[in-house]
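Engineer: Single-letter residue listing:
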Amino acid sequence: MRRRWHWFERDLAARAGLVALASIALLALAGPLASPWRVDELDWARIGVAPGLEAAHWFGTDRLGRDLFVRTLAGVRVSLAIGLLATLVSLLIGVAWGAIAGYAGGRLEGAMMRVVDVFYSLPYVFFVILLTVTLGRSPATLFISIGAVGWLTMARVVCAQTESLRHKEFIEAAVAAGLPVRRILVRHVLPNLAGPVLVYATLTVPGVILIESFLSFLGLGVQEPAASLGNLMAQGTAEMESAPWMLLAPCAFLVAIVLALGFVGDGLRDHLDPRER
Amino acid sequence: MSYALRRLLGLVPTLFIIVSLAFVLVRLAPGGPFDQEQTLAPEIKANLERAYGLDRPLGEQYLRYLGRLAHGDLGPSMRLRDFTVNELIAIGLPVSLTIGGLALALSLLIGLPLGLGAALARRRGLDRLLMATTALGIAIPPYVTAPLLALVFGIYLRWLPVAGWEGGQLRDLVLPVVALALPTLAYLARLTRASVLEVAGLPFVRAARAKGLSEARIVLVHVLPPALGPVLAYLGPAAAGILAGSLVIETVFGLPGMGRFLVEGALNRDYTLVLGKVIVYATLVLLLNLLVDLLRALLDPRIRARRRA
Numbered sequence: 000m001r002r003r004w005h006w007f008e009r010d011l012a013a014r015a016g017l018v019a020l021a022s023i024a025l026l027a028l029a030g031p032l033a034s035p036w037r038v039d040e041l042d043w044a045r046i047g048v049a050p051g052l053e054a055a056h057w058f059g060t061d062r063l064g065r066d067l068f069v070r071t072l073a074g075v076r077v078s079l080a081i082g083l084l085a086t087l088v089s090l091l092i093g094v095a096w097g098a099i100a101g102y103a104g105g106r107l108e109g110a111m112m113r114v115v116d117v118f119y120s121l122p123y124v125f126f127v128i129l130l131t132v133t134l135g136r137s138p139a140t141l142f143i144s145i146g147a148v149g150w151l152t153m154a155r156v157v158c159a160q161t162e163s164l165r166h167k168e169f170i171e172a173a174v175a176a177g178l179p180v181r182r183i184l185v186r187h188v189l190p191n192l193a194g195p196v197l198v199y200a201t202l203t204v205p206g207v208i209l210i211e212s213f214l215s216f217l218g219l220g221v222q223e224p225a226a227s228l229g230n231l232m233a234q235g236t237a238e239m240e241s242a243p244w245m246l247l248a249p250c251a252f253l254v255a256i257v258l259a260l261g262f263v264g265d266g267l268r269d270h271l272d273p274r275e276r
Numbered sequence: 000m001s002y003a004l005r006r007l008l009g010l011v012p013t014l015f016i017i018v019s020l021a022f023v024l025v026r027l028a029p030g031g032p033f034d035q036e037q038t039l040a041p042e043i044k045a046n047l048e049r050a051y052g053l054d055r056p057l058g059e060q061y062l063r064y065l066g067r068l069a070h071g072d073l074g075p076s077m078r079l080r081d082f083t084v085n086e087l088i089a090i091g092l093p094v095s096l097t098i099g100g101l102a103l104a105l106s107l108l109i110g111l112p113l114g115l116g117a118a119l120a121r122r123r124g125l126d127r128l129l130m131a132t133t134a135l136g137i138a139i140p141p142y143v144t145a146p147l148l149a150l151v152f153g154i155y156l157r158w159l160p161v162a163g164w165e166g167g168q169l170r171d172l173v174l175p176v177v178a179l180a181l182p183t184l185a186y187l188a189r190l191t192r193a194s195v196l197e198v199a200g201l202p203f204v205r206a207a208r209a210k211g212l213s214e215a216r217i218v219l220v221h222v223l224p225p226a227l228g229p230v231l232a233y234l235g236p237a238a239a240g241i242l243a244g245s246l247v248i249e250t251v252f253g254l255p256g257m258g259r260f261l262v263e264g265a266l267n268r269d270y271t272l273v274l275g276k277v278i279v280y281a282t283l284v285l286l287l288n289l290l291v292d293l294l295r296a297l298l299d300p301r302i303r304a305r306r307r308a
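Residue numbers (numbering that gives the first Met the number 0), protein chains in the order written: chain A, 0 to 276; chain B, 0 to 308.
For the record, the hints were derived by calculation from the structure and aren't laboratory data. Glycine residues also receive a C-beta, built at the ideal position from the N, C-alpha and C atoms. Incorrect hints may appear among the rest.
Cβ-Cβ distance ranges computed for the label pairs, FRET-style [said to hold, decoys possible]:
#	chain 1	residue 1	chain 2	residue 2	range
1	A	Gly51	B	Thr282	48 to 54 Å
2	B	Phe82	A	Ala21	19 to 25 Å
3	A	Leu26	B	Arg80	55 to 61 Å
4	A	Pro179	B	Leu231	43 to 49 Å
5	A	Glu240	B	Val220	49 to 55 Å
Derived coverage of chain A by chain B (criterion: at least 3 residues anywhere in the stretch with Cβ under 8 Å from a Cβ of chain B; other residues may be distant) [to be verified]:
#	stretch
6	209 to 216
7	248 to 261
Throw the hints in and build the complete structure from the sequences for me.
Structural biologist: As C-alpha cells, then:
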C-alpha cells in the first residue's frame, strides 16, 4: 500500500488538486456557519450590493438581496453531491453491465455491448434533456438521469477488463472448484476491477458536474429558490451588466472544482491504470 | 462507394431507435400541451386534442407520426400555433450550423497546429505553457466562457455586441463562435500532441531519421498523417459536443438558432417541437459521425477491411 501511494507524494498536480478539492469541500460545508445569512434570506436594505465586508455579504448580494456567499457555497454542495451520486449510479449500472457482459462472453456479450454502442451514438445531452422533462425537475431525477446515461464508458472499460480476467488461472480455478457464477463475479472478478473503476469514476465526476450545471443553466436542473452553480450562473449572465460579481463567483468555483478533479483523475490514471504501466 | 451506401443504410435502424425512444420519453412526461391555459374549457381542450390527433390511442399516434416523418413532415408545433416544426427548424438550423461549423473549423485550424507545436517543443517552456492553458480550456465550459467574453469584450471594452443576430454579421458571430470553439480547440490540441508523440516514438520514424531525411519532411510526411487518425476519430464526438454547447451559446447571446424554444417546448409539452428538434439534432450527429468514419476509411484501408470482416 505504501509503495502504491508513493507516486502521490511526487505528483504535484494531483496533490494540489486534492488539496484544492478538500479545501473547497470544507469551505462549502463550514463556510455557511460563519455567515449570518441563510440561503433564501432576503436583505431588503442591501439589494444588489458588490462584494465587501459590509453586513457580511462577502460575495455581494443578488437583485433580491440574497447573500451570494451562502448561495454560491450551497451551489458547490449541490454540484459535489450530484457529482458523487450520479457517478455512483453510473458506476453501479456500468460495472454490473460490463462485468456480466465481459464474463459471459460470446453472443450475450455481443448483444449487451451492441446496446452500449447504439446508446453511444445517440446525442446524449438531448436525451438527458428529454429525461429531465419526463421525470420532472428535481435534484433526485437529475442525478438518476445523468447517471443513467453516463454508465456507457464504465461498461466498456469494465467489460474489456473482465474479459481479460476471465482466462486468468485463479478464475479458472474458481470455476473448476464449482463456485456459482454470482460468487465468482462478486468475490473474484469485482475486487480485481477496483483500479480501473476508481480511475474512470474519478474522471466521470467532473463530467457529471458539468452536465448538472449545463442543465441548471438552461433551467432544466436545480430550481429556484434552491441554488446551484448552473442557475446562479444563469442569473449572473442576465445581470452581468449591472452586477458582474453574480457571475464571477459561481464561475470561479465551477472551474476550480472541475480543474482540481481533472488533476486528481489524471494522476490516478497515470499510476493506477494497468494499460498505462 | 457501396461501402458508403451500406453505412448510410446502417443509420436507419439507429434513427428508428432514436425516434421511438424520444417519442416514448416525451409521452411519458406528465401533462399535455394544452394543460397550462387555465381558461380553456374542457370542450375546447377536447377539440384541440382531436385536431392534433392526441385523442387517438398512443400506438396509432406513433404510427401516424412515423408515417409523416417518412415524408419529412415533422407536424405542426402545438404551442407556437402559427408555425410548423419544419418552419421553425428551417429558421433555426442555418444559424446553428453557421456557428457550429465555424466553431469546428476554428478549433481545427488552431488546435491542430498548437498540438503539433507542443509535441515538437516537448517538455520545454512552450509545451508546458500550452498544456496548462489547454487543461484550463477543457475545464471551462462554453456557458462560463460565453458570459465572461461578453462581459469583457461587450460591456467593458465595447468592441463587440453583447448579444444579437442581425442577419449573421461577422461582429455578431465572433464571441459565440470563440466561446463555442474553446473547449474543442483545447481538447484537439492535447489529442494532436499525444498522438504525434506516440507516432514519433515508433521504429519507422527512427528509420526515417537514420536515413537522413530532414526534420520537416519527417514530421509532415511521415509522422503527421498517421497521427491524424485519432484526431479525426474525435471529430464526431466533438461535433456532438459543439451542438450541445450551441444550446447555451444561443441562450446567452440571444441567437435565433435550433436551441431556441427547445427548453420552453420541453417544459410546455410541445410534443412535436421537442421530438422534431431532437430528431434533427440526432440525425446531424449521426451523419457527422458517418462522414468522419468514411473519411477515416478512405485514409486508412485497414478500417474498411476490419468493418467488412
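Engineer: For which of the previously enumerated hints does the structure constitute a violation, in increasing order of number?
Structural biologist: 2, 3
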